[in-house]
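Student: Quick note, the sequences are listed as chains A and B, same order.
Using my numbering, the letters of the first sequence correspond one by one to residues -3 to 682.
Using my numbering, the letters of the second sequence correspond one by one to residues -3 to 682.
Hints are computed from structural coordinates only; laboratory data are not their basis.
This structure is a prediction, so every number in the text was calculated from the model and none was measured.
Take the hints with a grain of salt, since some may be wrong.
Identical chains blur together in the list; that is why a pair holds if it fits in one copy or across any two.
As the list claims (entries may be wrong) - No more than 25 Å apart at the CA atoms, straight line, and that leaves these computed lysine to any residue pairs for SDA-like:
1. Lys641 / Leu539
2. Lys641 / Glu623
3. Lys641 / Asp562
4. Lys607 / Glu623
5. Lys641 / Glu255
6. Lys305 / Glu354
7. Lys641 / His153
8. Lys305 / Ser77
9. Lys641 / Val561
10. Lys305 / Pro602
11. Lys305 / Pro259
Protein chains: 2
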Amino acid sequence: MATEQVPPIADEMPTPVPDAAAPDRVEDDAVHADDRGYRQPDVDVDALRALLDGRYREVRDLVRTNLAEHAQVLLDEEQMSTADFRERVKDVVVMMAGTGQTGMGFPQEYGGGGDIGASVAAFETLAYGDLSVLVKVGVQFGLFGGAILQLGTKTHHDAHLADLVTGRTMGCFAMTETGHGSNVQALGTVATYDVGAEEFVITTPDDASRKDYIGNAAAHAELAVVFAQLEVAGERHGVHAFVVPIRDGGRVLEGVRIEDCGPKMGLNGVDNGRLWFDGVRVPRTALLNQFAEVTPEGRYLSPIDNPNKRFFTMLGTLVQGRVCVGGAGINAAKVALTIATRSAVRRRQFEAVSPDEEQVLLDYGMHQRRLLPLIARTYALHFAQEVVAAQLHEVFSGPGAGEEGSDEHARRMLESRAAGTKALGTWHATRTIQECREACGGAGYLSENRFAALKADTDVFTTFEGDNHVLLQLVAKGLLTDYAGEFEDMDQLGMARFVAGLAVETVVERTAVHKLVQSVRDLLPGGDTWDQEAGLLDPNYQLAMLRFREEHMIGGVARRLKRGVDQGMDPGAVFSRVQDHVIAAARAHTERLVLEAFIARTASLPDGDLKVALNLLCDLHALTTIEADRAWFMEHGRLSSTRSKAISREVSALCRKVRPLAVDLVDAFGVPEEMLRSPELLAWGE
Amino acid sequence: MATEQVPPIADEMPTPVPDAAAPDRVEDDAVHADDRGYRQPDVDVDALRALLDGRYREVRDLVRTNLAEHAQVLLDEEQMSTADFRERVKDVVVMMAGTGQTGMGFPQEYGGGGDIGASVAAFETLAYGDLSVLVKVGVQFGLFGGAILQLGTKTHHDAHLADLVTGRTMGCFAMTETGHGSNVQALGTVATYDVGAEEFVITTPDDASRKDYIGNAAAHAELAVVFAQLEVAGERHGVHAFVVPIRDGGRVLEGVRIEDCGPKMGLNGVDNGRLWFDGVRVPRTALLNQFAEVTPEGRYLSPIDNPNKRFFTMLGTLVQGRVCVGGAGINAAKVALTIATRSAVRRRQFEAVSPDEEQVLLDYGMHQRRLLPLIARTYALHFAQEVVAAQLHEVFSGPGAGEEGSDEHARRMLESRAAGTKALGTWHATRTIQECREACGGAGYLSENRFAALKADTDVFTTFEGDNHVLLQLVAKGLLTDYAGEFEDMDQLGMARFVAGLAVETVVERTAVHKLVQSVRDLLPGGDTWDQEAGLLDPNYQLAMLRFREEHMIGGVARRLKRGVDQGMDPGAVFSRVQDHVIAAARAHTERLVLEAFIARTASLPDGDLKVALNLLCDLHALTTIEADRAWFMEHGRLSSTRSKAISREVSALCRKVRPLAVDLVDAFGVPEEMLRSPELLAWGE
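Extracted from the complex, chain A is given alone in its bound form (with noise of 0.2 Å):
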């Protein structure tokens, strides 16, 4: 496939002469100066895939081989019951964990691999296969077993570590609750100390505050960590972490009730469940107290003082949850775009170039406009995935790590980026998934070919680990308070007067980005021309337009909540107002960083064919992104519609350049052929 022969693209056409009709209304898509001279590059597709690979290469093959292995659990989803698959499911989940694969994360002398990136790469890899086992997965190690790595101490780490690294203990992770969805320091657990017993007692006094969703938690879980608000002596603490036994050998322990969520629109080998405590007591020790202590005799200690901090630093040690599924939204787009491209240079419809023969399906410049941008972006989101898995690398393994006191401002831009990150790369699931099978037709309706399972498994992915509109008003209130306060903490009250009660011009001084706008500012100059004077292939173009657009919506969002406070509204009123401006400017923002990230991967590359490609696929995501927002840009003088035109053009070019690619594009994702199944949209053997 790689090698796949395609017809040249149509012969050029000499430049129009401008039609004196309508002088000013003739554009041409067909004509393009750049074109001339332009030689298609090769793709080594060996190459591309190292390069995608990265420095995970091995550990990225490891899981490919195990996905290979266990590829019938493709089928087994069709074909199962619920129960039989659940079951299924977790005793793939075993197996993998039995090759070393599921446990990079955790310490070597509890059975782990010690290489956090490691783990990141492989939870990604396993993206290209079955999501129930992904999801599973993530519950089992990345949730349940980080939080007792990163929230427990040795105690804990000694009791469970070994155990549920191998997958023999099987764990939950019970923090969200029916009527707390994303506002977790609201939860209504309790976890109440009794110091005569040196025990507390876990209590939900209500439905709303039933722990919702929780996967492993409606078959298998023999243990949960539930996060409850710490009561002791009558004083509240906040939010806190606590071991709770709620099976043994299978059977449900007293004062715990597990009920099913019920069959899902995805996921089903997953069990999610909810659960109820009614006085489940436990000991003092199953606080997980890396960062707070309750002494026997019913003192609180903790070396973070302030109860707001001490809870938002101890979710922000779970933000590789985030990263992961992120990373897995992205490598899911990878599936279905190695599925929908190759069938549509294996599909023809309609006689088009020749009257005896029906035209290719990807040789029709819509058919191109749909998917060739696609892969564009995807390319950029992995790159700006590795940027933040190598953050994330950096900042649990570097010196001091997990520590209090350790770079508090590198775990917050991490946090920032790692939830902007995961929210651009589940909604590019979602989005490229669907058009995907809308590109497949009728094929892309049956469950062999994959579309099914991807859309369906995929879907909750922009609502769990953080709803995705949440996140980027979280990643919003960093970049207006240059990262004050703690990442999650989502008052939007606070927010609103923090922001009140500075002068604008300080608002938009303290923004991260302001820094980094100066530098646009010195690069091109001011006035209406200044579009006019770079190329728009020129990457330092491309990015003072994403950034400029960055500045001025933080500082737009700044003005409009300082004047609206100013004003005498009421502060919860005026964010309610200028919510999708918050939530523009977060997307604006991590927008900046992912081109900033393919363009600075490309410009690492030595010269050559692959450099070539790279740079033609940053264009077309670059064009791309500014075409899909330049309305924004010319209303605000950035943009002239004769270039905003000129872009729309040079998109349409950079698909025809990059329709001879597309194959080896996707080949370079490596997405193992067990894994893509459509045995007929693609015609294996043929």
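Here the structure of chain A is known, so what remains is to put chain B in place on it, guided by the hints.
Tutor: For chain B alone, coordinates are given in the frame of chain A:
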């Protein structure tokens, strides 16, 4: 729920003093002059529902009653095996047929209702329930029954209609082939006339020509209407339809091979299958001979000489299927919006206005922006659908209906309008259901909350009964050629050559929109100020914008096609490059029709609160539509950046005005409570 209490919208603020630091950047989302003196209308839910139900209220209520009675099928879909669920769906369909609901479109002498409009209304309403039932009804009564009715003559009617109307005889519609999805004229199945035996011999020559995705084929159909290339005495006459028995008492007949399409993303209550014919013999009378006949001695006769025209006349009689699917998509969106909107006035998230209580989701600006324009668009599409259904009724029930020679232009306009509305209605369903699922967070992912089935089942609506992109190309072709050719005849080479043969001015003058736009020119002054003369809330302004866009886009496509061909480029290659403009033009055309329908319906109402409320919605829809494409309007000199920003502010302001009406607006859809399920999201009985 209809009188749900909501807090008043936040107080107005005084006009802000322009911010000296950034005078041209200050936009104010809070202050809105029109707000002054605005009195919120009271929506009479029953009256609004009566308005939406229109002249077919009784039929719609019959379907609502039937849906409620068989509500258990929504649960069965989750709990039964595929084989059992298929039987269950079949039984429900037959039971519904017993109430007369599904036979509205058939002549009374065969047990039908003799009312095509009622038949569309019944089908649309069925989309409130399980969509396998809907699609099974569509296959049996719309496609199979419709083909017998429209393509057959009295012999076929007498033989089959009475039994198919009751569901005693189940049938399928075997048109689509694996290798010929959208290009029906290129089908491979052959029907050869054997003059000696006075029989047709039906043969599948290769796997690309197997019938594919055929609903009712895998389990239930006894008869198939098979589309095949007719060959008489060595001469091909194009595609014709034949009634072919494929099962007898459940046993597959000799020469017929049937394969199950296997699990699908959704609609698993419908038994889709593949069919191969190996020299299957049917009598001469098996040819559905409304438009062509083969005499016993092997003479081919048809009142329509041109084979192309004959074929597309046949296809044209099946337009009802598209009208129905468009309506089903719109109504499926209503279910999602009802759940998401009602849930958004119950669920709270984060403290915003008050430090003591979390804010209701729908009071957040972003949540309003996500849901309310979708409600507005649903109303717009509802009224547009009402128009196309009325036209269908008119064309097929009026004098001379069904006869060759009845007003061809009216038929082509109907076919075009049905295609465009189907595309917009089904894309709207996909987008709306997705947004509603995400707006309901994790709860939206549980099957009991309906989105799982809604999403999975409707996903293929954008593909079946004509892929949306292909349909929009057909619409554009009609516009470019002023409906000179048959609607379905998607010969891109011919179309490009046809356009190229005209002078550009001729092309534009020939387009169907030209006359309309002339009136825009008369209405609005030219030059740079034309768009500043009218208020944003003036429907004439809104319509003028959409009409301008439509004409300009069609003219642009014509010029591009013509220039490319004139310059010697391959017509197919020219088409491919212009394809995204072609589709954009068709979309612009249909958007204009939709807005016209909404404005006309609203204008026809007597003064009063209902009219005020629908005017708000209509403004919201119109301005959201312009806002979504504001880049184009700016690029083409029809929107200044100032006015563009004003439109975005107005959309937000309209959202705030619609917010208090939201629950009433969705309640007026009249989705039966049993169809909503979602016990926790909606908290019945609270």
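Student: State for each hint whether it applies.
Tutor: Cross-check of the supplied hints:
no., hint, verdict
1, Lys641 / Leu539, "both (19 Å within a copy, 24 Å between copies)"
2, Lys641 / Glu623, "both (9 Å within a copy, 18 Å between copies)"
3, Lys641 / Asp562, "between (41 Å within a copy, 23 Å between copies)"
4, Lys607 / Glu623, "within (24 Å within a copy, 38 Å between copies)"
5, Lys641 / Glu255, "neither (56 Å within a copy, 50 Å between copies)"
6, Lys305 / Glu354, "between (64 Å within a copy, 21 Å between copies)"
7, Lys641 / His153, "neither (60 Å within a copy, 56 Å between copies)"
8, Lys305 / Ser77, "neither (45 Å within a copy, 51 Å between copies)"
9, Lys641 / Val561, "between (40 Å within a copy, 22 Å between copies)"
10, Lys305 / Pro602, "neither (45 Å within a copy, 60 Å between copies)"
11, Lys305 / Pro259, "neither (38 Å within a copy, 50 Å between copies)"
When held up to the earlier numbered hints, the structure conflicts with 5, 7, 8, 10, 11 and fits the remainder.
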